[in-house]
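Visitor: Single-letter residue listing:
There are 4 protein chains.
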Amino acid sequence: MSTDVFSNISPLDHRYLMSNPKLHSKMAQYLSEGAYVKYELLVESALTRVLSRRGLCPSDVADEVERACNEITAEEVYAEEQITRHNIRALVNCIQRRVSESARPYVHFTATSVDIMDTANALRYRDFTRDVIMPEGLALLQTLIDLARREKRTVQMGRTHGQHAVPITFGFAVAEYIARLGNRLAEIERTANNLRGKMAGAVGAYNASSIFFEDAETFEREVLGELGLLPAEYATQIVMPEYVTDYVHAVVSGLGVLANLADDVRHLQRSEIGELAERFEKGQVGSSTMPHKRNPWNFEHVKSLWKTFMPRMMTVYMDQLSEHQRDLTNSASGRFVTEILAGFVLAMHRLQSVVSKLVVDTARMSANFEASKDNVIAEPLYILLAASGHPDAHEAVRRLSVEASSKQMTVRELVDQKPEFAEFLAGLSEKQKEYLSRPETYIGRSVQKTEVICEIWQKFVDERTCR
Amino acid sequence: MSTDVFSNISPLDHRYLMSNPKLHSKMAQYLSEGAYVKYELLVESALTRVLSRRGLCPSDVADEVERACNEITAEEVYAEEQITRHNIRALVNCIQRRVSESARPYVHFTATSVDIMDTANALRYRDFTRDVIMPEGLALLQTLIDLARREKRTVQMGRTHGQHAVPITFGFAVAEYIARLGNRLAEIERTANNLRGKMAGAVGAYNASSIFFEDAETFEREVLGELGLLPAEYATQIVMPEYVTDYVHAVVSGLGVLANLADDVRHLQRSEIGELAERFEKGQVGSSTMPHKRNPWNFEHVKSLWKTFMPRMMTVYMDQLSEHQRDLTNSASGRFVTEILAGFVLAMHRLQSVVSKLVVDTARMSANFEASKDNVIAEPLYILLAASGHPDAHEAVRRLSVEASSKQMTVRELVDQKPEFAEFLAGLSEKQKEYLSRPETYIGRSVQKTEVICEIWQKFVDERTCR
Amino acid sequence: MSTDVFSNISPLDHRYLMSNPKLHSKMAQYLSEGAYVKYELLVESALTRVLSRRGLCPSDVADEVERACNEITAEEVYAEEQITRHNIRALVNCIQRRVSESARPYVHFTATSVDIMDTANALRYRDFTRDVIMPEGLALLQTLIDLARREKRTVQMGRTHGQHAVPITFGFAVAEYIARLGNRLAEIERTANNLRGKMAGAVGAYNASSIFFEDAETFEREVLGELGLLPAEYATQIVMPEYVTDYVHAVVSGLGVLANLADDVRHLQRSEIGELAERFEKGQVGSSTMPHKRNPWNFEHVKSLWKTFMPRMMTVYMDQLSEHQRDLTNSASGRFVTEILAGFVLAMHRLQSVVSKLVVDTARMSANFEASKDNVIAEPLYILLAASGHPDAHEAVRRLSVEASSKQMTVRELVDQKPEFAEFLAGLSEKQKEYLSRPETYIGRSVQKTEVICEIWQKFVDERTCR
Amino acid sequence: MSTDVFSNISPLDHRYLMSNPKLHSKMAQYLSEGAYVKYELLVESALTRVLSRRGLCPSDVADEVERACNEITAEEVYAEEQITRHNIRALVNCIQRRVSESARPYVHFTATSVDIMDTANALRYRDFTRDVIMPEGLALLQTLIDLARREKRTVQMGRTHGQHAVPITFGFAVAEYIARLGNRLAEIERTANNLRGKMAGAVGAYNASSIFFEDAETFEREVLGELGLLPAEYATQIVMPEYVTDYVHAVVSGLGVLANLADDVRHLQRSEIGELAERFEKGQVGSSTMPHKRNPWNFEHVKSLWKTFMPRMMTVYMDQLSEHQRDLTNSASGRFVTEILAGFVLAMHRLQSVVSKLVVDTARMSANFEASKDNVIAEPLYILLAASGHPDAHEAVRRLSVEASSKQMTVRELVDQKPEFAEFLAGLSEKQKEYLSRPETYIGRSVQKTEVICEIWQKFVDERTCR
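First to last, the sequence lines map onto chains A, B, C and D. For the first sequence, the positions run 613 to 1079 when the numbering used here is used. For the second sequence, the positions run 613 to 1079 when the numbering used here is used. For the third sequence, the positions run 613 to 1079 when the numbering used here is used. For the fourth sequence, the positions run 613 to 1079 when the numbering used here is used.
Just chain A, with the same shape it has in the complex:
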């Protein structure tokens, strides 16, 4: 069934995905309705195969079913659903129609709809993670690692509360996102690999399958094993929801890391800060009325995606509650998990593209640092005074700061005028004095920490990309 994309109501497909048809079609292989049907057919096929292996039906029945499952399209199933008003009954009817009469009884045999649907979802989320999320995530991680390594010695003013604090390097600032994104990707991978299927029937007690198999749990394990999945520890009609809840949490919290990165870059692009810029394409327009504008719109877009998808975690938490052996109130809401996954990939893809072209204006970075470097020596000054035995170093330096500010002098200038500090400063080593005279050396372990973080996550990337 084809449709005019501009008559879609959801902006997701027409606005955010179709602008990148390659990415869209890659994701659609797992997240679209067509893909869902395809995955459900994989589960039906695995089921019949194990039935045949256990001698419940001849092996050509399994072959017939597999052939049918390879041929059926979503369109066909949807047409049938117009009659049955039940999506899995429609699917089963489509398979049965394509197989011989003797094969028909073994289609979907002993299974309940959700055995097929929950298992198909576990399978496609897992595959999507392996085939789309991880490659996109690793590409972004690599881009960040390359950037951090390149800029590991570029001195930048550290900022807390939006105020100049003490120096770091820009590479060290980037390393934050390597560690945090890496940590989230590891968690996404872990939780995706822990997604579970089921083949436990209408209320999870193997009522139907145990008619035929003493070891119904083993039978379940075999069917799921065909697909590389483990059974849920417990299922009612549905797989216990915490496997999916943990997985979506990992994704949503991953999106939070991206949003934070986007915010940081956005603010560093402020006119007054100007340490970073998005490279604009030729012909690209920044504003319809202000031709001079170059807006950080890609980073704003990533933040906006977070605002769009993060609150949907509440839907996932609400879907943890299902009455008794199951109510169906998670039926529509559960389907929208795919949108969260797509939103996360969209954000990573966008970031990878703009971060790889990020322009670092080292001149501005340096100028911003210079503007308050004489004041930021307050911290090492206070600490060195304290270490030299000054009894009230913090308060003394706080007063110096206030005085410096009111006299429009730097702390550095003022401290040199005050004889009461001389005795404490006299005993400092050359290196320690340098912190006060050349604050740009007061970057702590920025370089080494950046290197360590890059090494850890480079290994993570390498292990997954077989370089």
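Treat the hints as calculated values from the structure; they're not laboratory data. Be a bit skeptical, because a hint or two may be false.
Each pair may be met inside one copy or between any two copies, as identical chains are not told apart.
[To be verified] Here are the simulated SDA-like cross-link-like pairs (lysine to any residue), alpha carbons at most 25 Å apart as the crow flies:
1) 1043 with 1072
2) 650 with 1038
3) 1071 with 806
4) 1045 with 1076
5) 638 with 627
6) 1019 with 970
7) 969 with 695
8) 634 with 986
9) 1071 with 830
10) 638 with 616
11) 1030 with 713
12) 1043 with 1063
13) 969 with 696
14) 1043 with 687
15) 1019 with 973
16) 638 with 947
17) 1043 with 805
18) 650 with 632
19) 634 with 947
20) 1019 with 979
21) 638 with 687
22) 638 with 1075
On the provided structure of chain A, position chains B, C and D as indicated by the hints.
Guide: Frame of chain A; chains B, C and D shown alone:
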């Protein structure tokens, strides 16, 4: 640009709307991207018309622009956006390309992108409310009114905490949803009619338009007046967000009312309660493995829509925050408001359809009432005892209940055995005694209240449907 | 019952309120448990008064009950609740214990617990709004009006996407928050005055009261009228929840306005921007380790309060759903509404205090403007070119901007070098030329709009403060 | 500082915790402000100890500081904060005041406030998990295990969509919550043990500490090692937030499991179902006006706690975002994490108490089963027909169900009347025939699955309680 609907990632269009192509296409006229572009063109056209009326450009320029705006398609604009990477610049380019060289400068003249977009959104949300939400809402309201009137005397056990409490009528129970849905529709209508546009330029200060008009605020008022809108009391680059926030709140809280209705009906369909049922179509399948099942899936679906869309209000609240004269972090997130609107209509439409076919099993309703009617006289008994001067009526009746329960007697039977109550009960009127002997008369003002509520909201419906 | 405040688990009281004992105690008169009990007693008292007026009991019963209600303390009720395990039964017992035996039956007569509790909540929220929210809100509004008026001509660079856009005045920027906060206060007032009570009994059908009164609805109206309240249009055991939902929405969206204001001020305090500063008290410490730091922590605090309380609106939306004539799952959650109200007042109070002491660094404001004023003429230049008949003004100016940037020239300098623009610029009026030569005049209607907004909301303040 | 509990605004302490003073005081040892200060002092003490071990200061300095830290109270720190307006500076001042002049410089040496606060939080959340969450969780788990084992053979109707489906046992239904709660407790334990501290200074780059130690990372590791913690992989001024995010997610999703259990029990207590009941204490009142009511209010309370605390996860997700090396907008919001933890424990504690006294009405359970047992054979019938070669078994049985319903017969009766089924049923084994004649045997693997789940989680409990 056409697309295979089964490759969509969002389930909204392919799963929940395309099953009802008529409703989908009705909604798409306001909520789709095609509709958005159409509405933006209306705003551009209104702008040039007022420019011409004020003599800034000849009137045939306005005619030319209007003609162009009538012809342009979303497809054309999107193709241009591939180059400009800016949606409104693309739109403007498309208009300019279709008009004479002398007309071109007056296209989008003095406007900023958001003047067009925010105004177009206010316009289409308002139209959508008037043309889709209200008709759907009124139809559901009418269905509920008809049901309440029909069942206003059908005695039903009132339930609190899921426990039998004191009697009402089923019509009275339905009246709850008439009052609450009616109240929400009135609020949706009010807030929709309070949506505002703007024509105040890049930072809201009329910088560009005030070059040409001393009375730039009046100019704005004229342009928006063409579209039947009022200007925002204040705008930065964007309309102050609270108009939309209030509107979406009204819709989301309306969805909450529908979800509560759905829950109530759902539970009344429990096997053990069985007071209501969804009428099944011939051939309809309830379960893929349990052929006897008839599930309340439409009501479950409505609850599921609420779980899907309600948390998205948090996105709307987050979009209230925009830095200084605007950041763009509401760009993607703001577009998804359309989905919430669609979800609400979807839920009302579904409910209207199933409530109109709701089967009331009065026999079961009556049987459920009978099962504990002798116990529910505890309330009138305690009150009548108190009114007759019993000093500790509540405690006395509470003990009676405990004793009745342990003796497997009814409260009614037990009280008659206890001489200590005789004196207090002696003075009761016939009507009062009837409450104790025929608890089904103890329905208070259920009938009258139902009638009043129905009358109020029938008037509301009638005023809006010109009957 | 007294307690060590440092053993409280909730940070709300000990951390955020007790630092301001005066404000805390003012709020506690409405929001504490003690206040809740006091308000419940007001409702019980009003009930008996109307019973007596209608002749159901002698008037000295009403006097006795009123006296008792004035004396009872929360402590007493809680002690009794240890036995009854039911808060309103405990309250009723406490009243009954203090009145004569003949008065006892008329205490709480025909009422159900929630008649008392929901009515008490409507009453105290309404009073809290009138006595605390509005005064605090008006004080903040007045502070903003004073600031806007003072700074209405102070030129500031308008910023979109964090980028310099076109000029406004600082007063105009402040006017945004006058309009938005004013709008929210009006909505809070409207919804608070629309809060409703009930006296409709256990399932809302007046079962008990209609034993004694034919016109049970009028009886309800009289009891609530004693308290200045209207009855809910419909009630089950509980008042239909949308009255409270709308009220809390108004408050939560009001908190969003405060958070946005806080963000704006925060960012204008960034080291590189420095247009605003919080005035520090003598002795105040900015950082435990960086003695020079002066952090915008009050504004950060307001943002943090928004993050704390905004998501709780979801609880309110969930509490819209209550099964049949009521389930009790809103019992605990509904009590936390008081925290949202307290959080909102806390944020307003904090803002009022710091905004009134806000330091505007006009030198920095001016310097920031100067830094890009030559580029921001791009907008008026493009518009004037277009108005003078340039066929492709936007694109021409966009190219100028790119060229200016690459040549490190200003747009202004570059345009003067380009003969192709001369003919279009020749016909400009003096005023129009001034926009290009003195961009600080290109502030549109900033001053006038600021004045209009201030006037509107000054009137709102004045009407409510009887000046 | 003592306070009247009834003037508290937060209902958490006065309403939900003080009713259980023992539990409250146990939790307050970790979650109160007093506890927070105590934990911060532990961190300050550990810091000085490592400084002395590394020779930066004499060992009696560490002794002095430790002594001071053992003595200081929250009250003292709060009094000092009135002056400094900075909580950690106040803490440091308090310590310094109690130690000799020569020791003062080494207090808080090289640390930033958040080094102390984030580390203290990691520490107390971890301890709280070990000392309160886990014991409470294990007690509830044990109660559920005992119940499941006792009821493992009690046949209960399985319910999907609130409709009778196919049979299970009540023990099997309970096993759901053993598996899910167990799974959550394991996740809570895992994430609590992964909470991290930091001692990396104002921007996370060890600027201050690396003045004195080449190996500042090792120094950090040593200080945290004193407390049994690991350092964060990366820190800005704050520990990267995902450790806490994961922990709170585990808790919030654990609360979801409890809410689901509460819902299930609540519905099984409905008057019409009546399979379970809360045991009421003598004198306990169910309703202020309906003396006969026995409401499932404890289970409703647990659901209400979930509605209160679950949405707060959004605050935690928002707190993932902190600008650059840190903004302070997580300062207030982060403190409220303690309330979520308290809410979770409160829910577990309440559930443990009521589940341990849960009354199972096996007669009603059996009666409910009997009521539709003849219809639920539809599933085994369809499957056995299919296995016997019936080509269209599902459709045939669906039609049987419809016919049975319209003829008010059971499926069982009807199938025996239809000769067309005879041939397929002829070949069934005795066991298979029994499913149709005695549907109560059609419980699948309910018993065995219950046993397996109980065994797994009994082991989990035993390992943690050293039995």
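Visitor: Against this structure, judge whether each hint is valid.
Guide: Structure-based check of each hint:
1. For the identical chains of this complex, residue 1043 and residue 1072 are neighbours neither inside a copy (37 Å) nor across copies (55 Å), given an alpha-carbon limit of 25 Å.
2. Within a single copy, residue 650 and residue 1038 get their C-alpha atoms no closer than 77 Å, and across copies no closer than 38 Å, so neither meets the 25 Å cut-off.
3. Taking the closest pair of Cα atoms, residue 1071 and residue 806 come within 25 Å of each other both inside a single copy (23 Å) and across two copies (22 Å).
4. Taking the shortest Cα distances, residue 1045 and residue 1076 never come within 25 Å of each other, neither inside one copy (46 Å) nor across copies (54 Å).
5. Proximity of residue 638 and residue 627 under a CA criterion of 25 Å is satisfied in both settings, with 16 Å inside one chain copy and 20 Å between copies.
6. In this homomeric assembly, residue 1019 and residue 970 come within 25 Å of each other (Cα to Cα) only across copies, at 21 Å, whereas the closest approach inside a single copy is 39 Å.
7. In this assembly of identical chains, the alpha carbons of residue 969 and residue 695 lie at most 25 Å apart only when taken from different copies (19 Å versus 53 Å within one copy).
8. Taking the shortest Cα distances, residue 634 and residue 986 never come within 25 Å of each other, neither inside one copy (51 Å) nor across copies (42 Å).
9. Taking the shortest Cα distances, residue 1071 and residue 830 sit within 25 Å of each other only across copies (22 Å), while inside one copy they are farther apart (38 Å).
10. In the homo-oligomer, the alpha carbons of residue 638 and residue 616 lie at most 25 Å apart both inside one protomer (20 Å) and across protomers (14 Å), since each shortest distance falls under that limit.
11. Taking CA atoms no more than 25 Å apart as the test, residue 1030 paired with residue 713 passes between copies only; the shortest distance there is 22 Å, against 101 Å inside one copy.
12. Taking identical chains as interchangeable, the C-alpha atoms of residue 1043 and residue 1063 lie at most 25 Å apart only when both belong to the same chain, with a minimum of 23 Å there against 59 Å between chains.
13. Taking the closest pair of Cα atoms, residue 969 and residue 696 come within 25 Å of each other only across two copies (19 Å); inside a single copy the shortest separation is 53 Å, beyond that limit.
14. Proximity of residue 1043 and residue 687 under a CA criterion of 25 Å is satisfied in neither setting, with 74 Å inside one chain copy and 42 Å between copies.
15. Taking the shortest Cα distances, residue 1019 and residue 973 sit within 25 Å of each other only across copies (16 Å), while inside one copy they are farther apart (32 Å).
16. For a Cα distance limit of 25 Å, the shortest separation of residue 638 from residue 947 qualifies both inside one copy, at 19 Å, and across copies, at 24 Å.
17. Taking identical chains as interchangeable, the C-alpha atoms of residue 1043 and residue 805 are never at most 25 Å apart, the minima being 51 Å within one chain and 39 Å between chains.
18. Taking identical chains as interchangeable, the C-alpha atoms of residue 650 and residue 632 lie at most 25 Å apart whether they share a chain (23 Å) or sit on different chains (24 Å).
19. Taking CA atoms no more than 25 Å apart as the test, residue 634 paired with residue 947 passes in both settings, with 23 Å inside one copy and 23 Å between copies.
20. Taking CA atoms no more than 25 Å apart as the test, residue 1019 paired with residue 979 passes in both settings, with 22 Å inside one copy and 20 Å between copies.
21. Proximity of residue 638 to residue 687 under the C-alpha cut-off of 25 Å is found in both arrangements, the shortest distances being 20 Å within a copy and 23 Å between copies.
22. Taking CA atoms no more than 25 Å apart as the test, residue 638 paired with residue 1075 passes inside one copy only; the shortest distance there is 23 Å, against 47 Å between copies.
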